[in-house]
Amino acid sequence: MNSKLLEIKNLKVVGHTRGSTQTIIDNLSFELNEGESLGIVGESGSGKTILSKSIMRVLDPSCKVVNGRIVFEGKDIYGLSKEELKKIRGFQIAIIYDDPLAILDPICVVEKQVREAIMTYQEGISKSEAIKKVMHMFQILKMPDPEKIVYSFAYQLSGGMQQRVAIALALVGNPKLLIADDATRALDVTIAAQTIEFLREIKQSQRVSLIWISHSLPVCSLLADKIMIMHAGKCIEIGTKDKVLRNPKHFYTKLLLKVTPDVNSPRKKLPLLSGKSNASSTSQYDSGCEFCDICENVKPICYNQAPTLKMVDNNHFCRCHIFN
Amino acid sequence: MPRRSLFKKPAYVHAVQGVSFDIKKGLIYGLVGESGCGKSTLSRLIVGVEQLTKGKIIFRGTDIVSLLKNNRTRKQMCRHIQLILQDASASLPPNMRVAQILTEPLEIHRIGSVKERIKKLGEVLETVRLNPSILEGYPSELSGGVQQKINIARALMLDVGVLISDESISGLDPVSQAEIMNLYLELNQKNKLTMIFIAHDISTVWFLCDVVIVMYLGKCVEIANNEDLFNSSLHPYTRALIKALPTIEKGLKNKGMYVLKGEVPSPVTLPLGCNFYSRCPNPAKDEECRTKKPALKEYKKNHRVACFKLKD
Numbered sequence: 001m002n003s004k005l006l007e008i009k010n011l012k013v014v015g016h017t018r019g020s021t022q023t024i025i026d027n028l029s030f031e032l033n034e035g036e037s038l039g040i041v042g043e044s045g046s047g048k049t050i051l052s053k054s055i056m057r058v059l060d061p062s063c064k065v066v067n068g069r070i071v072f073e074g075k076d077i078y079g080l081s082k083e084e085l086k087k088i089r090g091f092q093i094a095i096i097y098d099d100p101l102a103i104l105d106p107i108c109v110v111e112k113q114v115r116e117a118i119m120t121y122q123e124g125i126s127k128s129e130a131i132k133k134v135m136h137m138f139q140i141l142k143m144p145d146p147e148k149i150v151y152s153f154a155y156q157l158s159g160g161m162q163q164r165v166a167i168a169l170a171l172v173g174n175p176k177l178l179i180a181d182d183a184t185r186a187l188d189v190t191i192a193a194q195t196i197e198f199l200r201e202i203k204q205s206q207r208v209s210l211i212w213i214s215h216s217l218p219v220c221s222l223l224a225d226k227i228m229i230m231h232a233g234k235c236i237e238i239g240t241k242d243k244v245l246r247n248p249k250h251f252y253t254k255l256l257l258k259v260t261p262d263v264n265s266p267r268k269k270l271p272l273l274s275g276k277s278n279a280s281s282t283s284q285y286d287s288g289c290e291f292c293d294i295c296e297n298v299k300p301i302c303y304n305q306a307p308t309l310k311m312v313d314n315n316h317f318c319r320c321h322i323f324n
Numbered sequence: 001m002p003r004r005s006l007f008k009k010p011a012y013v014h015a016v017q018g019v020s021f022d023i024k025k026g027l028i029y030g031l032v033g034e035s036g037c038g039k040s041t042l043s044r045l046i047v048g049v050e051q052l053t054k055g056k057i058i059f060r061g062t063d064i065v066s067l068l069k070n071n072r073t074r075k076q077m078c079r080h081i082q083l084i085l086q087d088a089s090a091s092l093p094p095n096m097r098v099a100q101i102l103t104e105p106l107e108i109h110r111i112g113s114v115k116e117r118i119k120k121l122g123e124v125l126e127t128v129r130l131n132p133s134i135l136e137g138y139p140s141e142l143s144g145g146v147q148q149k150i151n152i153a154r155a156l157m158l159d160v161g162v163l164i165s166d167e168s169i170s171g172l173d174p175v176s177q178a179e180i181m182n183l184y185l186e187l188n189q190k191n192k193l194t195m196i197f198i199a200h201d202i203s204t205v206w207f208l209c210d211v212v213i214v215m216y217l218g219k220c221v222e223i224a225n226n227e228d229l230f231n232s233s234l235h236p237y238t239r240a241l242i243k244a245l246p247t248i249e250k251g252l253k254n255k256g257m258y259v260l261k262g263e264v265p266s267p268v269t270l271p272l273g274c275n276f277y278s279r280c281p282n283p284a285k286d287e288e289c290r291t292k293k294p295a296l297k298e299y300k301k302n303h304r305v306a307c308f309k310l311k312d
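Chains as they are written, first to last, in my numbering: chain C, 1 to 324; chain U, 1 to 312.
Everything labelled a hint here was simulated from the structure, so no lab data went into it.
Ideal placement from N, C-alpha and C gives every residue a C-beta, glycine not left out.
Label pairs and their in silico Cβ distance ranges:
id : chain 1 : residue 1 : chain 2 : residue 2 : range
1  : U       : MET96     : C       : SER152    : 43 to 51 Å
2  : U       : PRO93     : C       : VAL263    : 32 to 40 Å
3  : U       : LYS255    : C       : ASP145    : 26 to 34 Å
When the alpha-carbon atoms are kept at most 27 Å apart in a straight line, the in silico BS3-like pairs for lysine-lysine are as follows:
id : chain 1 : residue 1 : chain 2 : residue 2
4  : U       : LYS255    : C       : LYS243
5  : C       : LYS142    : U       : LYS255
6  : C       : LYS142    : C       : LYS127
7  : C       : LYS142    : U       : LYS261
8  : C       : LYS243    : U       : LYS253
9  : U       : LYS75     : U       : LYS25
10 : C       : LYS112    : C       : LYS82
11 : U       : LYS243    : C       : LYS203
12 : U       : LYS261    : C       : LYS133
13 : U       : LYS255    : U       : LYS243
14 : U       : LYS261    : C       : LYS203
15 : U       : LYS250    : C       : LYS203
16 : U       : LYS253    : C       : LYS142
17 : C       : LYS142    : U       : LYS250
18 : U       : LYS253    : C       : LYS258
19 : U       : LYS253    : C       : LYS254
20 : C       : LYS148    : U       : LYS261
21 : U       : LYS190    : C       : LYS258
22 : C       : LYS254    : U       : LYS255
23 : C       : LYS258    : U       : LYS255
24 : U       : LYS243    : C       : LYS142
25 : C       : LYS243    : U       : LYS250
26 : C       : LYS258    : U       : LYS250
27 : C       : LYS258    : U       : LYS243
28 : U       : LYS285    : C       : LYS142
29 : U       : LYS253    : C       : LYS4
30 : U       : LYS255    : C       : LYS203
31 : C       : LYS86     : C       : LYS9
32 : U       : LYS250    : C       : LYS254
33 : C       : LYS254    : U       : LYS243
34 : C       : LYS203    : U       : LYS253
35 : U       : LYS243    : C       : LYS243
If we strip away everything but chain U, and leave its shape as in the complex, we get (with noise of 0.2 Å):
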C-alpha cells in the first residue's frame, strides 16, 4: 500500500510479506502478535476490505480474490465470512432497533420470509443466549458485551461458516470476556463453526484455539497445534510473548517480567536479514540472522517456525 506523501517519494508500509497458511473447516485458528505484525491487515484482507499486492486467497477451492474486488460478487462472499471487530459499538447502527440490526442481513441478501426471519431471529437469540428484551431497544443502551453479542448474532443470521474475530473480545471486561469466548467456543463445538481469532493477548488464544499462527512484523514466525506451542514453542518471540504474559501466580510471587529489550522495526524500512533480528535475545544470532531471512520451515510434524537457530 503506498502512502502518499506531499514532496517525498510515497513509502510503502509492507504490512504482511508472504503469509501462508491453510484453514481447516471446523477449528480454531489463533493469529497472535503485537502491533505492527500484519494480523488485522490479514483479517481485512480475507473479506475483502483490502486489496492484496500479490498472492492468493483460496476459499473452498476457489481463488475468491477477484471476487472480492467486485462489489457484487463480494456481498456474496459475506454469505459465508463475517468479520467481528474490536469496537462493539461502532459496528451497530445507533439508529436502527436491535430488531432491524438483526434481520437486515437476511433483507439484504433476500432471505427467508417475514415469518422465516422472525423464526430465525429466535433461534439465533437462543444461540447467543441474548434476552429477546433487547429487540425493541437501540444498541446505545446496551453493555459492551451485550454489544458484542448482537454482531455475532447478525452474523449468525446468515449461517456463516467461517468467523473471524479481530480482538473482538479486547475491549470489554473480564467477565463479558469470559462470556463470549465460552460462546465461540460453543459455536465451534456445537455448529461446527471455523474461527480465526486475532488477539494480543496470548492467554485468550491457548484457551480458544486449536492452531495458533505467530506473526511478527508482517511474517509467520511460527504455526502448531495448541499444545505444541505452549508447552514447546520454538521461535523466541513466541517464547517472549508467553513469558511478557502478565499473571496471577508472577504477580503473588513478585517476579520481575521477563522484558524483551528494544523496539520493533519500522514496517517500511524493513530490516536486510530476520525481521525479529534486533530484538532476538538468542546468543547464537549471528551474520546469517542478520541479513537472510529466514523461511517458515516444518521442524516436527504440524509445527512450522522460521528460524536459523533451531536446535536440533
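Bound conformation, chain C alone (with noise of 0.2 Å):
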C-alpha cells in the first residue's frame, strides 16, 4: 500500500496586489501517494503556479497562505525550521519551470553548476568526486554526449537539452517529489516529445512523483495518473485519469474535452459557449459558482451559492451543484 507523499488540506492563499486582496487559491485540497503522478490543469490565472510555490514554500511576499496546511511526508512544510526546509527545497522536492534558463545559471558550464548543487546536498563529498557523480548521473539519464553538454554552458545547448539539464538538477537530491510547472510549453512538439518520454523513464526508474502541470488538457493526460482540473484557485473536478477524460462530471472538464481538436476525428466546427460574447470570461459573482453565466445546467442556487466538492464515484470528486 502506498503512503500518502503530499497532502493538501484546505489551503488558502491570497495576494496583495494594488492595495486590494484577492484569493489566488481557495481551500484546495487533494492527495498524492508514493509514486503517483497528477496532472493539473487549468489555464493562466487558475492558481496552479501559485500552488507549487506554495508547496515549495517560496511564495512572492505579497502572497500569503491564510489558511489550511500542506503536509510532505508527514511534516508541516509551514511548520519547518529554516534548517530542515533546506534539506527538503530543491532537492527532496524538486521544480522544473516551463522556461529552463530560469534554473540555469548563465556564467557557469554545467558541470560546475551540478557538482554543485550535489556538494551541497551532500556535505563532505570532494570535489572529484563530485565531478564523477556528475557524469554518471548524465550516463544514468542517458543524456545524448554528455562529455559535450557538462562542459558548456547553458546558452550553447538548445531549448530540449537545457531542459534536460534543469531535470538533471532536479534529480541531484533524489527528490520524492518532482513538480513541472508547464515543463513543455517553450519547447517544439518533437522536443517535448522528447522531454515528455525522458520524465516517463525517471519516473519509472527513479520512484519518483510527479506533479505535472499544464494548461492542456492532452498534455496532462500523457504522464498522470491521477488528473485535477483547476480554476480560480479551485479544484473543480479530480479523479483518476480514466474517469475524469472518459467520463467527465463537470461541465468544464467538458467543455475542454470538446475544444480539443482531434484529427482522428471528422473536422467540424469546435463549439462556442452559449453564443455570449466574451465567453470564456467567467462570473463576478461573489457568491455563486464562476460558472453560472456560461454552463448550460445552470440553476437558481448556481447564482447564490458557491458549490462544493462532491464525490461523484470512487476515487472522482467534482464541484457543481448537480451533485448536491
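Take the two lone chains and join them into the complex the hints point to.
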C-alpha cells in the first residue's frame, strides 16, 4: 500500500496587488501517494503556479498562505525550521519550469552547476567525487553526448537539452516529488515528445512522484495517473485519469475535452459557448459559482451559493450543484 | 541576413531557402513547422517587415517586393494583407481606448466619414462577437482572447483580403483558442477571407486549413490538401510531427510518445544534403540524402514532397 507523500488540506492563499487582496487559491485539498503522478490542468491565472510555489514554500512576499496545511511525508511544510526546509526544498521536492534558463546559471558551465548542487546536498563530498557523480548521473539519465553537454554553457545548448539539464539538476537530491510547471510549453512538438519520454523513464526508474502541470488537457493526460482541473484557484474536478477523461462530470472539463481538436475525428466546427460574447471570461458573482453565466446546466442556486467538492464516484470528485 | 559580429566574419542565417508556393483566394493555408523552420520569417517577408534576399512575392498578378520596400506603397499593401501576432497585448497600444484602436486604421488611410467609421465599427464588432461595452475601456483590462479579437477586428476594419496569423492562438487558453479558430473559420466561409495560418501545433492546422505546407529548416518539405496530408503524409518529418502530437487517447492508453532523435541543425551552417538527414528515421537514407538537396516534386496530384526515398 503506497503511503501518502503529499497532502494539501483546505489550502487558501491570498495575494496583495495594488491595494486589494485577491484569493488566488481557495480551499484546495488533494492527496498524492508515493509513486503516483497528478496532472493539474488550468488556464493561466487558475493558481497552478502559486500552488507549486506554496508547496515549495517560495511564495512571493505579496502572497500568503492564510489557511490550511501542506503536509509532505507527514511533516507540515509551514511548520519546519529553515534548516529542515533547506534539506527539502530543491532536493526532496524539486521543480522544473517552462523556462529552463530561469534555473540554469548563465555564467558557469553545466558541470559546475550540477556539481555544486551535489556538493550542497552531500556535505563533505570532495570536488573530484562530485565531478564523477555528475558524469555518472548524466550517463544514467542517458543524456546524449554527456562529455560535450557537461562542459557547455546553458546558452550553447538547445531548448530541449537545457530542459534536460534542468531536470538533471532537479534529480540531484533524489527527490520524492518532482513538480513540472508547464515544462514543455516552450519546446517544439518533437522536442516536447522527447522530454515527456525522458520524464516517463525517470518516473519509473527513479520512483519519483510527479506533479505535472499544464494548461493543455492532452499534454497533462500523457504522464498523469490522477487529473485535477483547476479554475480560479479552486479544484473543480479531480479523479483518476480514466474517470475524468472518459466520464467527465463538470461542465468545464467537458468543454475542455470538446475544444481539443482531434485529428482522428471528422473535421467540424468546435463548440462555442452559448452565443455569449467574451464567453471565456467567467462571472463576477462573489457568492455563486463562477460558471453560472456560461454553464448549460445552470440552476437558481448556482447564482447564490458556491458549490463544494462532492464525491460522484469512487476516486472521483466534482464541484457542482448537480451533485448535491 | 548577415549577423554582425565583433571579430568574426558575419554569419548568415539561412532562414528561408527557395520556398515557392501559390495561395489561392478564399482558402486557408496552414504553414506548420518547428522553431527555426522559417515560417515566421516568411510571414514577415510577405508583409514587408523583413527584406528578402532573392525571389518574388506576386500578389494579384503584381510582384510586390519593390512596393514593400517603399514606406508609402507598403502602407497601401496594409489594406490588403494584415498580420496577427502571437502576443495579443503587445500589438495593442496600452494608452488608447479600444474604440480609438479600432477606428485608427480608417483614420490613417482616410477612409469614410466619422459616421461611416462608427457604422463600420458596429458591423465589425458584431462579426467578431465582441461586446460594445469594451469600446470605452483600455486593452490591458481585457483577457487574451478578447485582445486577440480586437486585433482581428482592427484588420477587418480595412476589409483586408488576406489575413496572416502567426501563432495568434498559441498564447491563449484552450477555450479562447477554440473561439478564435471558429472565428477564422467563419470569416473564411462567410466573408471569403483568405488566410495563412502559421502554427507549430499541427492539430490546429488540421482543424482550420484547407492546404498544409510543412517546413523544416527553411525549406518546404511537403505541400498537400488537408485530407491527403493527414491521411497519407509522405515526408518522414510530417509523419513525425503528426505522431508527436499529444492526444487524450495516447494519454488514456499510457502510450509512449514517438520520439524523433537528435536536434535540429543550425540554420547558420546548413547540412550538405537534405536538411532533415540527421534526424531522418528512414532506414533507407543513404549518400544521396546526405549529399544532395531533394527538390519539391509533385508525387501525387496536388501533393508535393521533397524526399529522395519515396516508395512508389
